[in-house]
Amino acid sequence: MTLIDLANPTKFLSLTARVLPWLAGATAILLLVGFYQAAMAPDDYQQGATVKIMFVHVPNAWLAMFVWGVMSLAALGTLVWRHPLADVAAKAAAPIGAAFTFLALVTGSLWGRPMWGTYWEWDARLTSVLILFLMYLGLMALWRAVDDPSRAARAAAVLTLVGAINLPIIKFSVDWWNTLHQPAAVLRMGGPSLDKAFLIPLLVMAVGFSLLFVTLHLAAMRNEILRRRVRSLQMMQASQQAA
Amino acid sequence: MTALAALIRRDIKIALRVGGGALIGVLFFLTVTVLMPFAIGPDLALLTRLGPAILWLGALLASLLMLDRLFTADHEDGSLDLIVMGRAPLELACAAKALAHWLAAGVPLIVATPALGLLLNLDAAATSAVALTLLVGTPALTFTGMIGAALAVTLHRGGLLLAVLVLPLSIPVLIFGVAASQAAISGPLSFGTPFSILCALSLVSLVVGPFAAAASLRHGLD
Chain A
1 MTLIDLANPT KFLSLTARVL PWLAGATAIL LLVGFYQAAM APDDYQQGAT
51 VKIMFVHVPN AWLAMFVWGV MSLAALGTLV WRHPLADVAA KAAAPIGAAF
101 TFLALVTGSL WGRPMWGTYW EWDARLTSVL ILFLMYLGLM ALWRAVDDPS
151 RAARAAAVLT LVGAINLPII KFSVDWWNTL HQPAAVLRMG GPSLDKAFLI
201 PLLVMAVGFS LLFVTLHLAA MRNEILRRRV RSLQMMQASQ QAA
Chain B
1 MTALAALIRR DIKIALRVGG GALIGVLFFL TVTVLMPFAI GPDLALLTRL
51 GPAILWLGAL LASLLMLDRL FTADHEDGSL DLIVMGRAPL ELACAAKALA
101 HWLAAGVPLI VATPALGLLL NLDAAATSAV ALTLLVGTPA LTFTGMIGAA
151 LAVTLHRGGL LLAVLVLPLS IPVLIFGVAA SQAAISGPLS FGTPFSILCA
201 LSLVSLVVGP FAAAASLRHG LD
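So the sequence lines, in the order shown, correspond to chains A and B. Counting in full-length UniProt numbering, the first sequence runs from 1 upward without gaps. Counting in full-length UniProt numbering, the second sequence runs from 1 upward without gaps.
Incorrect hints may appear among the rest.
To be verified - Interface residues of chain B toward chain A, partial, derived using beta-carbon atoms under 7 Å:
| id | residue |
| --- | --- |
| 1 | His75 |
| 2 | Gly159 |
| 3 | Leu161 |
To be verified - Using C-beta positions, here's what the derived DEER-type ranges look like:
| id | chain 1 | residue 1 | chain 2 | residue 2 | range |
| --- | --- | --- | --- | --- | --- |
| 4 | B | Lys13 | A | Trp122 | 23 to 31 Å |
| 5 | A | Ser232 | B | Arg87 | 33 to 41 Å |
| 6 | B | Leu221 | A | Gln234 | 22 to 30 Å |
| 7 | A | Met236 | B | Val107 | 50 to 58 Å |
| 8 | A | Ala49 | B | Val107 | 55 to 63 Å |
| 9 | B | Ala115 | A | Gly48 | 33 to 41 Å |
| 10 | B | Ser196 | A | Pro114 | 32 to 40 Å |
| 11 | A | Glu121 | B | Ala125 | 28 to 36 Å |
| 12 | B | Ala125 | A | Gln47 | 43 to 51 Å |
| 13 | B | Phe38 | A | Pro114 | 37 to 45 Å |
| 14 | A | Pro168 | B | Ser190 | 19 to 27 Å |
Hints were generated in silico from the structure; no laboratory data involved. Ideal placement from N, C-alpha and C gives every residue a C-beta, glycine not left out.
Based on the sequences and whatever the hints tell you, model everything.
Now the structure itself:
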């Protein structure tokens, strides 16, 4: 089973129909375990119970960037390999990525209020994530503005690849600029600086949220394929009635 | 090379003649700048402090509004198809068009900046700092905006969609442009750092813009 075999939408639908229930189950179990572990994690000696926002905030922020990475790969699939499902994948990922970005911003804002004393601060990390959110919304507007899906797909692919420049800026913004947002604590040279009591629930939550994305993404891709089929059937019906 | 030079000459001529509308951008820039004191009040000290930001916003909006015509007019009369099919690489042709657009529409904005600086109570040093940052920053606005213009022409949509797509990409230019002018006026940070980043943004957009616009035209036109 290679990527090319999935180019056939019918094969893709039948495969995902078999895989999706398992994925959904695994997601539910991991997220339940993760939430339980997060609730049981000790309070931080400085931050108290608010440190638990981290277990939702960090996975969402990771996924906000990861989803744009997935869309960039799909954009390459559209422009370079002309993979038939690439534009479906790109279109289905955009709203999910926007939702993760929004959640990262909201949870970060709620965490910032007790810790920094402000809901919002115009520092480099926050600003670049906000730009990412605006670009997600712009991309969704682009998808909605054009009725021909293949035409919209190529335009969206170009924009997605241009927007991918923002990803390294977000990742390294905390190193390049002196920001209020703390620097990386997990993926960094010399190993994680986070204590095990926090690190393990965080990783469980990260895997759980990633599986949640995969599940939602596959389901959204199925919906998009079915939506296009319904639309072409409606067009056929309308042209038959007209004839 | 002669083809590209001819393209630049042609675009500048069209922009400056009747119906071109390059100078309308300057008029718009002037109007936006005049509007600001009405909105925030004629407090000269406050205007001095906000001046660089107002000038940068005005220039950003003016260049955004003029981008709409970068490819549309050529698409309407068919010359865009000739450019796409021509022997010159499409990336270079796009870069030439953007350069011509910047010369015809961007440079007048920079020339007008000193006069508008007077209205905002900026002294000579502050005005020249803003003009200098605009000089190195507006190419970035034109070359990233060109991506949006190319998308808009292939989708037959312009206006608001173009703005929604282009404005997030131009936020970094705005941040470092205003930061550099503020640093030159009041300190305490050094002028060099944000100014160098602004130059870097322009250079990056000089590379990325033509390729992305050419890709979008090549894949999008039918």
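Going down the list of hints, with the structure as the test:
Because the smallest distance between the Cβ of His75/B and any Cβ of chain A comes to about 14 Å, over 7 Å, the interface hint for this residue is violated. Nearest Cβ of chain A to the Cβ of Gly159/B: about 10 Å, over the 7 Å cut. The hint is violated. Because the beta carbon of Leu161/B sits about 5 Å from the nearest beta carbon in chain A, less than 7 Å, this interface hint is met. Under the hint 23 to 31 Å, the C-beta atoms of Lys13/B and Trp122/A, about 43 Å apart, miss the expected range.
Our hint of 33 to 41 Å for Ser232/A and Arg87/B holds, since their Cβ atoms are close to 39 Å apart. Hint check: Leu221/B to Gln234/A, Cβ distance near 28 Å, so the stated range 22 to 30 Å holds. One distance hint, 50 to 58 Å for the beta-carbon pair Met236/A and Val107/B, holds here, with the actual separation near 54 Å. Hint check: Ala49/A to Val107/B, Cβ distance near 58 Å, so the stated range 55 to 63 Å holds.
Range check, Ala115/B to Gly48/A: Cβ separation about 57 Å, and the 33 to 41 Å hint is violated. Between Ser196/B and Pro114/A the C-beta distance comes to about 37 Å, which sits within the given range of 32 to 40 Å. Between Glu121/A and Ala125/B the beta carbons are some 31 Å apart, a value that agrees with the proposed interval 28 to 36 Å. Hint check: Ala125/B to Gln47/A, Cβ distance near 46 Å, so the stated range 43 to 51 Å holds.
Checked against the hint of 37 to 45 Å, the pair Phe38/B and Pro114/A passes, with Cβ atoms roughly 40 Å apart. Between Pro168/A and Ser190/B the Cβ separation comes to about 25 Å, which falls inside the hinted range of 19 to 27 Å.
In this structure, the hints that do not hold are numbers 1, 2, 4 and 9, in rising order.
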